[in-house]
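**Q** Chains A and B, in that order, give the protein sequences.
Be aware that the first sequence starts at 1, since it is given in the working numbering, and climbs by one per residue.
Be aware that the second sequence starts at 1, since it is given in the working numbering, and climbs by one per residue.
Since the hints were derived computationally from the structure, they do not count as laboratory data.
Wrong hints could be hidden among the right ones.
Unchecked claim - Here are the computed lysine-lysine pairs in the BS3-like style, where the Cα-Cα straight-line distance is at most 30 Å:
id, chain 1, residue 1, chain 2, residue 2
1, B, Lys153, B, Lys142
2, A, Lys23, A, Lys50
3, B, Lys142, A, Lys420
4, A, Lys239, B, Lys72
5, B, Lys136, B, Lys153
6, A, Lys108, A, Lys153
7, A, Lys239, B, Lys120
8, B, Lys142, B, Lys60
9, B, Lys60, A, Lys420
10, B, Lys142, B, Lys72
11, A, Lys239, B, Lys182
12, B, Lys182, B, Lys142
13, A, Lys50, A, Lys153
14, A, Lys108, A, Lys80
15, A, Lys108, A, Lys92
Stated by the list, open to error - According to the in silico footprint, chain A covers these stretches of chain B (three or more CB under 8 Å from chain A):
id, segment
16, 65-74
17, 136-142
Where is the CB? At the ideal position from N, CA and C, for every residue including glycine.
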Amino acid sequence: MSNSSKNLKKIQDSLVWRYRAEKAFRWCGIVAVTLGLLAVLALFLDIIFKGKGAFSATYMQLEVTYDQELLEIDNFADQKQLIVADWGALYKSALRAEFPDVRKRADKRKLYALVSNGAGYDLRERLLANPRLLGQSESVWLLADDDIDTYFKGWLDGDPYTARLVDNQVEWLQQLITTQRMELRFNANFFNRGDSREPEQAGIRGAMIGSMLTLVLTLILSFPIGIAAAIYLEEFAPKNRWTEFIEVNINNLAAVPSIIFGLLGLAIFINFFHIPRSIPVIGGLVLAVMTLPTIIITSRAAITSVPPSIREAALGMGASRNQMVLHHVLPLALPGMLTGAIIGMARALGETAPLLMIGMVAFIADIPGGFTDPATVLPVQIFLWADSPERAFIEKTSAAIMVLLSFLILMNISAVWLRKRLERRW
Amino acid sequence: MNTTATLGTDNMAMAAVKKPTEGTDVSPFELAAEHATVGSFEVENAKMSIKNVNVYYGDKQAIFDVSVDIGKNEVIAMIGPSGCGKSTFLRALNRMNDTVDGCRVEGDIRMDGQDLYSPKLDVVELRARVGMVFQKPNPFPKSIYDNVAYGPKIHGLADTRVDLDEIVERSLRRASLWDEVKDRLYQAGTGLSGGQQQRLCIARAIAVSPEVILMDEPCSALDPIATARIEELIEELSQNFTIAIVTHSMQQAARVSQRTAYFHLGQLIEVNPTEQVFTMPEHALTESYITGRFG
Ligand SMILES: Nc1ncnc2c1ncn2[C@@H]1O[C@H](COP(=O)(O)OP(=O)(O)O)[C@@H](O)[C@H]1O
Ligand SMILES: [Mg+2]
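Based on the provided sequences and hints, a complete structural model is requested.
**A** As structure tokens, then:
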């Protein structure tokens with residue numbers, strides 16, 4: 001056998017092994033990706049399954065009489081009368097009228113508990129919107145209590161949850177169900193209201209607005225500062241010990257656990273500068289400090305990826321350093337910078353720990369109207385609801401997670417879209 | 001070294017060439033300790049005059065005591081093995097080396113008698129007067145029009161849009177690119193072919209009407225046809241501009257230049273009329289190089 005045909009034989013033998021190794025490697029990859037996807041799928045399915053109920057709420061239809069004597073109102077212009085009026089009495093009397101056999105005090109209390117205690121305010125709104133209803137009756141769909149909501153949703157699925165109800169209540173409910181006066185409706189309250197101790201009245205509007213205000217501030221503070229810092233370090237700073245020291249520390253800061261930034265905010269912004277706690281301003285400041293290193297690092301990477309030949313061309317044309325940066329480097333680096341900023345914002349949106357340290361974990365029922373109103377944010381709201389004992393908060397928690405995740409996915413998609421859109425089209 | 005070569009009004013007419021001084025037994029791989037440039041490195045009517053220039057990258061010296069004149073409306077070619085400092089020297093002429101960290105230039109470089117390294121001189125102004133074309137075509141990722149208009153815009157050379165349009169057209173015509181791009185002025189400059197891109201870069205450089213154009217191996221990334229067009233262009237441009245061109249192609253140097261400077265390990269070995277360098281070089285090192293003994 002000649003030398004070259006011996007070599008050929010060896011190569012052919014080794015090929016078998018090479019292809020086998022390649023195949024094995026490919027399979028490892030496929031298995032890893034599949035496992036990852038399955039885990040994500042399981043997580044999403046679990047959250048969707050648990051949380052879908054929160055987007056609907058149980059309502060019951062009752063005949064309500066806007067009894068003038070019961071409310072003690074004779075003049076709608078008199079704010080005091082409107083405030084003093086016992087609006088809850090309206091649905092209570094409606095319930096008594098529906099179930100006239102209920103006599104004992106304790107039973108009555110159980111009966112009243114069928115309807116959400118916020119229903120009185122809903123009736124007030126209806127009457128104020130249409131004052132001619134005073135003294136009249138109308139049939140109204142009233143929001144049910146959270147225990148009833150849980151029961152009814154379970155009943156629809158063939159597995160009613162009765163542990164928190166007494167037998168009488170189940171009987172009454174069955175009576176309403178058979179006369180088709182209970183139904184699930186879209187839960188607009190979930191998107192329109194702030195937090196509440198009553199699960200059926202609790203919504204994420206407050207947390208959403210809080211997150212938005214906080215993030216706007218984070219972006220306004222961290223994006224310009226981050227970009228300016230990146231440009232300075234990359235284009236203007238002399239390369240010496242000092243800038244090296246700063247560089248190392250920026251990288252360190254990016255790796256610092258976020259709760260440390262909360263402590264920093266507590267020590268500096270609250271204790272030293274006396275900024276009030278629990279407001280978007282302080283949240284925005286802390287999250288901006290936390291996001292800054294990320295933005296600086298991604299922006300610097302974007303700047304360094306601009307080819308040196310473009311810089312040379314600009315300088316060779318007699319552009320000043322400033323002009324070179326503004327006319328050539330920045331436009332080319334901007335997509336990368338924006339992507340970095342959005343990813344930083346997405347991280348800030350999901351951040352809980354530092355906000356716990358600066359009081360954004362308080363129970364806040366009002367929807368914040370500005371940067372200085374007490375507020376909470378989506379992830380903290382999730383934390384608060386997950387911590388609540390009421391069974392009905394389970395689905396609220398999952399639903400809030402869904403909302404948060406959709407915002408995160410939306411932000412990440414927009415980052416990809418922006419990059420595609422702004423990328424060098426030349 | 002005080003022999004002077006005169007560059008007449010007809011810049012092809014070279015006279016009074018210095019006679020060979022050195023022996024012919026120099027090893028090409030050793031630096032001559034007592035080194036001196038041979039040939040006609042000084043001219044009358046010099047546009048740029050370089051005297052005893054040393055360039056350092058940190059502690060490393062890249063250019064050793066180089067002195068040479070560049071005549072008005074002359075094309076001077078710089079040849080030599082790669083790494084011998086041709087680019088470094090060229091970039092000293094418009095202070096592009098300023099942008100390199102740790103790079104230091106010593107010596108005296110003058111244009112029309114003005115010291116280019118004087119603290120009073122503004123580099124931005126200098127680079128408007130001494131344009132540069134790089135090895136790899138590097139048009140801005142903008143439209144063809146914006147590429148050419150960039151220089152006039154930042155230097156405020158055009159008062160109106162009409163002026164600017166005119167400058168752009170004239171520059172593109174002079175770079176013999178106009179006919180190819182006049183219908184697509186607002187398309188990307190980076191979408192052109194390599195040769196067209198390089199001519200665009202030349203158009204961009206001449207749009208600010210520089211006095212000197214430095215070219216650093218402008219054809220090394222191009223195919224022979226594109227190269228030929230650029231060479232033609234250089235010939236045309238030499239009527240209005242002073243051009244210093246670095247090239248690794250001796251044929252190219254022979255085709256476009258009136259004088260050729262041979263660099264070796266950071267030293268300027270010989271400067272002579274191009275024809276002479278390629279037919280009867282004065283220095284042994286030059287001869288070794290052009291006969292292909294190393295390179
Ligand atoms: N930015 C730089 N930093 C340090 N050394 C450099 C740099 N640029 C070039 N040099 C060195 O200077 C010498 C001359 O380089 P250069 O001028 O590019 O040569 P040429 O253009 O003739 O090929 C080489 O030894 C090279 O390694
Ligand atoms: Mg070079």
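**Q** Each hint should be assessed against the structure and marked as holding or not.
**A** Now the hints, each set against the structure:
The straight-line distance between the Cα atoms of B:Lys153 and B:Lys142 is roughly 14 Å, inside the 30 Å bound, and the hint therefore holds. Proposed proximity of A:Lys23 and A:Lys50 is contradicted: the alpha carbons are some 40 Å apart, above 30 Å. This hinted pair checks out: B:Lys142 and A:Lys420 have alpha carbons roughly 17 Å apart, not beyond 30 Å. Restraint check: the Cα-Cα separation between A:Lys239 and B:Lys72 comes to about 40 Å, which exceeds 30 Å; the hinted pair is violated.
Under the criterion of a C-alpha separation no larger than 30 Å, the hint pairing B:Lys136 with B:Lys153 is consistent with the structure, at around 24 Å. Between A:Lys108 and A:Lys153 the CA atoms are separated by roughly 24 Å; this keeps the pair inside 30 Å, and the hint holds. A hinted pair counts as satisfied when its Cα atoms are at most 30 Å apart, and A:Lys239 with B:Lys120 qualifies at roughly 25 Å. Proximity of B:Lys142 to B:Lys60 is assessed by CA-CA distance (about 38 Å); at most 30 Å being required, the pair is judged violated.
The straight-line distance between the Cα atoms of B:Lys60 and A:Lys420 is roughly 44 Å, outside the 30 Å bound, and the hint therefore fails. Restraint check: the Cα-Cα separation between B:Lys142 and B:Lys72 comes to about 34 Å, which exceeds 30 Å; the hinted pair is violated. For the proposed pair A:Lys239 and B:Lys182, the alpha carbon gap of about 45 Å is over 30 Å, so the pair is violated. For the given pair, B:Lys182 sits about 16 Å from B:Lys142 by alpha-carbon distance, which is consistent with the 30 Å threshold.
Taken as a hint, the A:Lys50 and A:Lys153 pair is honoured in the structure, with Cα atoms around 12 Å apart against an allowance of 30 Å. Simply put, A:Lys108 and A:Lys80 have alpha-carbon atoms about 29 Å apart, close enough for the 30 Å limit, and the pair holds. Between the alpha carbons of A:Lys108 and A:Lys92 the distance comes to roughly 9 Å, so the proposed pair stays at or under 30 Å and holds. For the segment 65-74 of chain B, the stated coverage by chain A is violated: 0 residues have a C-beta nearer than 8 Å to a C-beta of that chain, whereas at least 3 were required.
Counting residues of the segment 136-142 of chain B whose CB lies closer than 8 Å to any CB of chain A gives 6, which reaches the minimum of 3, so the coverage claim holds.
The structure shown violates the earlier hints numbered 2, 4, 8, 9, 10, 11 and 16.
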